[in-house]
Each structure stands twice: as C-alpha cells, then as structure tokens.
Amino acid sequence: GAVVSQHPSRVICKSGTSVKIECRSLDFQATTMFWYRQFPKQSLMLMATSNEGSKATYEQGVEKDKFLINHASLTLSTLTVTSAHPEDSSFYICSARWGKETQYFGPGTRLLVL
Amino acid sequence: EDKVVQSPLSLVVHEGDTVTLNCSYEVTNFRSLLWYKQEKKAPTFLFMLTSSGIEKKSGRLSSILDKKELFSILNITATQTGDSAVYLCAVGTGTASKLTFGTGTRLQVTL
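As given, the protein sequences belong to chains V and P, one line each in that order.
The numbers in the working numbering rise by one with no breaks, and the one at position 70 of the first sequence is 1416.
The numbers in the working numbering rise by one with no breaks, and the one at position 41 of the second sequence is 40.
If you're looking for bench data, these hints aren't it; they were derived computationally from the structure.
Remember, it's a predicted structure, so these values are computed and weren't measured experimentally.
Do not rely on the hints blindly, as some may be mistaken.
As the list claims (entries may be wrong) - The calculated lysine-lysine pairs, modelled on DSS-like cross-linking and capped at a C-alpha distance of 25 Å, are:
#1 V:Lys1401 to V:Lys1366
#2 V:Lys1387 to P:Lys66
#3 V:Lys1387 to P:Lys67
#4 P:Lys2 to V:Lys1366
#5 P:Lys40 to V:Lys1387
#6 V:Lys1366 to P:Lys39
#7 V:Lys1366 to P:Lys40
#8 P:Lys55 to V:Lys1446
#9 V:Lys1446 to P:Lys66
#10 V:Lys1401 to V:Lys1412
As the list claims (entries may be wrong) - Residues from chain V that keep clear of chain P, each with C-beta distances beyond 10 Å, as calculated:
#11 Leu1372
#12 Gly1407
#13 Pro1432
We put the beta carbon where it would ideally sit given N, CA and C, even for glycine.
My request is simple: use the sequences and hints to build the entire structure.
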C-alpha cells in the first residue's frame, strides 16, 4: 500500500503557542489530503479536506482560523494549530487519497497542550 | 447527516474462533465502503468495496457489501492474538470521497 508519513509523532506545548504538523505522501502524489481528529476511545472525525493549490474545505464546527491548512505541493500538507489550548489536545491524523477512493493514513500526531 | 453504525461495539473471543463484524450506513451519494484496522496508531487499510455481492479476501479476512440493504460485514477466520485491534468501517461519499467513520468494533482475541 501507499505510504504516508506524519511529523512530529508527538508534541507537548504550552497553552497559547502554535504547533505545525506535516503530512507527506512518500511514494505517490496526492491532490487531496484529509485531516482528522480522534479523541480517546472515539472514532475519527474529519476536520477538513486539503486540496493542492487551493483553499481547504472545513467541516462544520471546525474553525478555519484556528486550524490552518496549507497544501503547497502534491506530496505535502500542513496543519497548524494556532494558539493551542488544552482542549485541543488530541490525536491528529492525516490521510492522502490514492486513486479515486482509497485513503491511506499517516501514523498520527499526539498533541498535548499544557 | 451521514451515519455509519458498527456492531458489536466490542467483542472478546478465543484464538481460533471466527468473528463477523457488522457495518450499516445511511448516507447520501455513496461511493465506497472501506474497512480499516487500528491498533495503537493510525488506521491501516484492509479493503475497499464498491459493488454489491463481490467478496474481497485477504488471507483470513474477507468482506462483502450489500448496497440494497446498506451494510457490510468483515469476517475473520481462525483468529489470532495479533488480530486484536479496533476495526473501523468508513463510507466514502461525494466527489471528494470524504470518509464518515463508524465508532469501531474493539476486538480482543485471547489465548
């Protein structure tokens, strides 16, 4: 299967700081990437769809000014959590679409905001 | 609102047992149904189903989709402790193939 990497795998930061998470498709080009959030023992919730060369599409209830997404190339999308607060602590996972339907997931980033 | 429901929520079986996991859905603009296995980190892809009645098989795992009744099953035969994980069902919809996930079935295989 296709390989997607995410960096960093874990980050701890102070409240009020910004955190950038990178998502890369390593062996294929992805015009579309997705960002999800997963709270403990819950399923994945789609936050936004990231399209190369255009603005991201955010799901209802997700603040676009707080979760900045940039999809600058066909292999890289970044999610920046701005002015992070403890309630933003979660597991953030990206995926890249391969072909028309299948999404391959990165290993995830565990964010803890103190 | 698109909805994906998985059952059971959790399951404990003995090694060697066969299990069937269920996924039903109510969505608009269905494109595909995908099964993923999630252990400690992000989900790993198992199957993608788009057509009714065609079984997909990979080793001891198999899956089938019924688009008329709006459900899919994932079968695991001769379970092993390494099969212990959360199994996620997701339905892709719309032109962007956005995925809506079910809450997952937590499978524990004991010796």
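Q) Keeping to a limit of 25 Å between CA atoms, is the pair of Lys1366 (chain V) and Lys40 (chain P) held or broken? A) holds (19 Å)
Q | Pair hint Lys40 (chain P) and Lys1387 (chain V), alpha-carbon separation not exceeding 25 Å | A | holds (12 Å)
(Q) Please verify whether Lys1446 (chain V) and Lys66 (chain P) have alpha carbons no more than 25 Å apart. (A) holds (19 Å)
Q. Is Lys2 (chain P) close enough to Lys1366 (chain V), meaning Cα to Cα at most 25 Å?
A. violated (31 Å)
Q: Classify the label on Pro1432 (chain V) as holds or violated, using whether its beta-carbon is more than 10 Å from each beta-carbon of chain P.
A: Answer for Pro1432 (chain V): holds, closest chain P Cβ roughly 23 Å.
**Q.** Gly1407 (chain V) non-interfacial with respect to chain P [C-beta, more than 10 Å]
**A.** holds (12 Å)
**Q.** Interface exclusion of Leu1372 (chain V) relative to chain P, criterion Cβ beyond 10 Å
**A.** holds (14 Å)
Q.
Just to be careful, I want the Cα atoms of Lys1401 (chain V) and Lys1366 (chain V) compared with a cutoff of 25 Å; is the pair within it?
A. Given pair Lys1401 (chain V), Lys1366 (chain V) holds - Cα atoms ~17 Å apart, limit 25 Å.
Q) Going straight from one Cα to the other, do Lys1387 (chain V) and Lys67 (chain P) come out at no more than 25 Å? A) Violated: Lys1387 (chain V) and Lys67 (chain P) sit about 31 Å apart, past 25 Å.
Q) If you draw a straight line from the CA of Lys1401 (chain V) to the CA of Lys1412 (chain V), is it 25 Å or shorter? A) holds (15 Å)
Q) Keeping to a limit of 25 Å between CA atoms, is the pair of Lys55 (chain P) and Lys1446 (chain V) held or broken? A) The hint holds at about 18 Å.
Q.
Holds or violated: Lys1387 (chain V) and Lys66 (chain P), Cα atoms, limit 25 Å.
A. Roughly 29 Å between the alpha carbons, so the hint for Lys1387 (chain V) and Lys66 (chain P) is violated.
Hints 2, 3, 4 from the earlier list are contradicted by this structure; the remaining hints agree with it.
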